[in-house]
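Asks: Modelling step: build the complete structure from the supplied sequences, incorporating the hints.
Chains as they are written, first to last, in the working numbering: chain A, 925 to 1326; chain B, 45 to 358.
A couple of the hints might just be wrong.
[To be verified] With a straight-line Cα cutoff of 35 Å, these simulated DSBU-like cross-link-like pairs (lysine-lysine) come out: (1) A:K1137 to B:K300; (2) B:K300 to A:K1021; (3) B:K344 to A:K1090; (4) B:K177 to A:K1137; (5) B:K177 to A:K1078; (6) B:K211 to A:K1137; (7) B:K177 to B:K344; (8) B:K344 to A:K1325; (9) B:K211 to A:K1242; (10) A:K1021 to A:K1090; (11) B:K177 to A:K1242; (12) A:K1078 to B:K211; (13) B:K344 to A:K1269; (14) A:K1269 to B:K177; (15) B:K344 to A:K1021; (16) A:K1325 to B:K177; (17) A:K1021 to A:K1078; (18) A:K1269 to B:K300; (19) A:K1242 to A:K1269; (20) A:K1090 to A:K1269; (21) A:K1078 to A:K1242; (22) B:K177 to B:K211; (23) A:K1090 to B:K177; (24) B:K344 to A:K1078; (25) B:K300 to A:K1078.
If you are wondering where the hints come from, they were derived from the structure by calculation, not from laboratory data.
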Amino acid sequence: MSAALERLAELLPPGRLLVRPVELAAYESDALTAFRTRPLAVVMPETAEEVIAIVRLCHELQLPFVARGSGTSLSGGSLPIADGIVIALNRLNRILKLDPVQRISVVQPGVINTQVTTAAAPFGLHYAPDPSSQTICTIGGNVAFNSGGAHCLKYGMTSNHVLGIKAVLATGEVVEWGGGSRERLGPDWCGLFVGNEGLFGIALEITLQLLPKAECFHTVLAGYRTLEQAGDAVSAVIASGLLPGAIEIMDALALEAAVAAVHAEYPPGCEAVLIVELEGPREVVTIERERLDAILVASAPVEMRPAHDADERMAIWKGRKSAFSAVGRLSPDFIVQDGVVPRRKLGEALRRIAEMSHETHIRVANVFHAGDGNLHPLILFDGRESGALQRAEDLAGRILKM
Amino acid sequence: MISPASLTELRDAVLSAPRVIAVGAETKPRLSAVDAVKISTRQLRGITEYDPSEFTFTALAGMPVREIIAALAEQGQYLPFDPMLVEAGSTIGGVVASGLSGPGRFRFGGVRDFILGVRFVDGMGRLLRLGGKVVKNAAGFDVPKFLVGSLGRFGVIGEVTFKVFPKPSTTLTLSLPYSAGTMARIANSRFEAAALDVLPGSETLLVKLGGPGAALEVLAREIGGQIIDNTIWDEIRETPWSYKTDITPDQISNFKAAHVSCGGSMAFSHTLPARGMTLRGDAPLWIGGRPCFAIEAAVKQALDPQQRFPTLDD
Ligand SMILES: Cc1cc2nc3c(=O)[nH]c(=O)nc-3n(C[C@H](O)[C@H](O)[C@H](O)COP(=O)(O)OP(=O)(O)OC[C@H]3O[C@@H](n4cnc5c(N)ncnc54)[C@H](O)[C@@H]3O)c2cc1C
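Replies: Here it is in structure tokens:
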């Protein structure tokens, strides 16, 4: 056993220091499975003190480490470094505090995103950031990637909901920034920490703001003959002065994936589906929904399907949120891209992606957070075919550069 | 005082003296009361880009917030965090560097939640562009957020990009007797109040609602209290408070003489608090000290190794 492993063994019992190849296999990659690296070891701390001791040891030995939550990163964020260790944080999974009066929660990094909302629900509160992976990804991973979801037009991403952070930095220094107040004095260190992509330190305790759950929703799904029409409908909604909680577009291939995965049903013959959701007090939503419906009717959809109750709303979102993982059913492997295009250039961007897809014979599915211009092309390929990964990566590079 | 008129001149200005500090309209004078050559942003004016359909604008740092608010209003948009001291002339760069948000911070967040990008000159005279010009910007370290509240101690801000929202068609203000329970009931409710402040004296709670007028009237009846003139928010915004403290709702009772804003997240006062930041007057910048970690020196070293800008403790 190497000297580094011997030192780690002094900090953790054998069951929480994984070194055997069979045990390490599960940690070789994240959701970007095209890349794999076997680490020297995986450590599974159960307390913040253990994490601090491990990071300080890594600093002393100059041993590289990668923090890991649920490993759902789509960009190699939790990909190990050869000869380095993976610090798996899933066992730091306690909600330390939930204060319904101050509307905050203090959590450990391994807490799953939806668990926060589940814990807050009895008080009529929720945790707003809702990445599609929310039922499995951790708050620590969300913090590192400043994850956002369908509802981030109105409420922002993870960073907008983190009030305080206790972290151990790569130097071994333990910092505490922010706290229970929504306001702070001096430079915004929490803001600098969130979105660090695993390169600043390990979050040990995170203070999150909770928001009252909206009383009422109006969710409409509209199918369009062309992507351009869907894009125009988005522009019309934006121009109207409404501030929907979410505006999402899925293209035909993404729809096909959702149909295959959760038996979602969409209007037939549509190149694109638009989802718009209003939320707020019922009196406000009642007035705003009339305006929204009129705008959508004028945008000439093939069909409009408003959700009539909570179940129908859930079904719309289930289809949308499953689109990502569901693409896996259409293809053995895929690369997800994450780019931002101005809303007005969406039509053009999608047309050029379609051209490139056609030229290279590589299928590309698109999911678009139209509210904030966030475009997710999913590039499908079969890793068993020689050269397929390289071709998919080339296309990914071209899409990013366009 | 140097007054550069372009970002290139701003760069030269930073390099022209061994110790410099940026100032806007000096509406929060204590923040820049240090021994250094002042670089005024007053000639860095103008909205360089405004795209209502993308909900974003970019402006030079010395642009008065008043003019930005007017330009946004023409398109039915606004900055939801309610910048302070607008009529007094505060500049958008000063809003960022001071990190000062108003009552509207309650609903959608503060300056930090609406800033998207910056161009700033660091202590080595590098004109850096960080963050982006799009509503969602999730790549790389979020330096624009870090500069919120940084008081010009890490660089001079030359240009900023912000996210904006469509302005609610109607605003309605309610005044009701303050109690911690009433405040908690409204904060955690279906009403989605835009602002929730307690007036000095701790007797009056103000509630701001935004949305379609017909709906607000119904909500107001349910909340109770008296409908009062919306102009009270302009008075709150323009009051030249001396101190700001970040608080939690359970501390409101310690701030009876202060104006408590944002549902009990900040207190503005004229009398020296036990803890906080001084905006005007001779008190120490950080009342009651401030937490400081070794990483701060490392960040200072990366952006301003020669300490051309004062430190946070100068
Ligand atoms: C089907 C699917 C759908 C997705 N949808 C979305 C989406 O809608 N929006 C979105 O933004 N992302 C999405 N993602 C990406 C991913 O889920 C998010 O980035 C998520 O935040 C990662 O969380 P995780 O716990 O899996 O982190 P991991 O993948 O384990 O780690 C991600 C990064 O966080 C770092 N990290 C983990 N814990 C800590 C910690 N405590 N302190 C510091 N750094 C830490 C790691 O080192 C790594 O760099 C999706 C992924 C999948 C597979």
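Asks: Run the structure past the numbered hints and jot down the numbers of the failing ones, going up.
Replies: Hints 13, 18, 20 contradicted; others consistent.
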